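Chemist: Based on the hints, put chain C in the right spot on chain H.
2 protein chains.
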Amino acid sequence: MSNNGSVGESCYSPLVREPLSEEHARQLAGTLKAVAEPARLRLLSLIASRADGEACVCELTGAFDVSDATISHHLKVLREAGLIERERRGTWLYYRVCPETLRTIADVLMPAGAVPA
Amino acid sequence: MSNNGSVGESCYSPLVREPLSEEHARQLAGTLKAVAEPARLRLLSLIASRADGEACVCELTGAFDVSDATISHHLKVLREAGLIERERRGTWLYYRVCPETLRTIADVLMPAGAVPA
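Just so you know, the sequences run in chain order H and C.
Quick note on the UniProt record's numbering: the first sequence kicks off at 1 and runs consecutively.
Quick note on the UniProt record's numbering: the second sequence kicks off at 1 and runs consecutively.
Hints were generated in silico from the structure; no laboratory data involved.
Nothing here was measured: the structure is a model prediction, and the numbers come from that model.
There could be a bad hint or two in this list.
The list cannot tell twin chains apart, which means a pair is met if one copy fits it or any two copies do.
Stated by the list, open to error - Distance condition first, Cα-Cα at most 25 Å in a straight line; then the derived SDA-like pairs of lysine to any residue:
#, residue 1, residue 2
1, Lys76, Pro19
2, Lys33, Trp92
3, Lys76, Asp52
4, Lys33, Arg89
5, Lys76, Arg88
Bound conformation, chain H alone (with noise of 0.2 Å):
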């Protein structure tokens, strides 16, 4: 199970429309936590601007200069807060994003005028 609590699991409203419950705002920062880092916002953009969606994690661990282990890391806490999925293929894992948690958490902040009524 990589997805624990995630926010792709609820039904959010925009912050605009209707205060957020306090169960919604503990769901939601912890998945914002999660990205509120550079090296995994860096890590989700090189995932989720590939042209085919995907990137092979051979394709990440040498994307910055941090340690395997770091990269690795940061990996497993997207992948847990429902950010991203990853998928074995021979030797190799391919990470890809998860677009609904990323469409909950851009949904939820779009400001007035922006969101459909």
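Modeler: Just chain C, lined up with the frame of chain H:
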């Protein structure tokens, strides 16, 4: 100056379009950290969801079961991240969200298919 290097000051591409630069990732992570806290998310939504788009501090301090000092601290963090702004009228402070900061975060995180070409 209440806006210390807020994401509202820079131009970002969506994650799905191109990898985030180190500098943009750092700025964005800072803003996301400010919002990645349950009480701050609830405060933000309390302010954002008001019909007139603003809330008196007197309406916020009684909203949760935490001290006024804690609410003040959270409001300061949100303000320093460029997520809300305040205005004094008479003896009260009034808060409103900064839609451009929320929109920047939402636009950056919006997944493929939801991003205009």
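Chemist: Now tell me, hint by hint, if it's right for this structure.
Modeler: Evaluated hints:
no. : hint            : verdict
1   : Lys76 <-> Pro19 : between (31 Å within a copy, 19 Å between copies)
2   : Lys33 <-> Trp92 : neither (28 Å within a copy, 32 Å between copies)
3   : Lys76 <-> Asp52 : within (21 Å within a copy, 42 Å between copies)
4   : Lys33 <-> Arg89 : neither (30 Å within a copy, 34 Å between copies)
5   : Lys76 <-> Arg88 : within (14 Å within a copy, 45 Å between copies)
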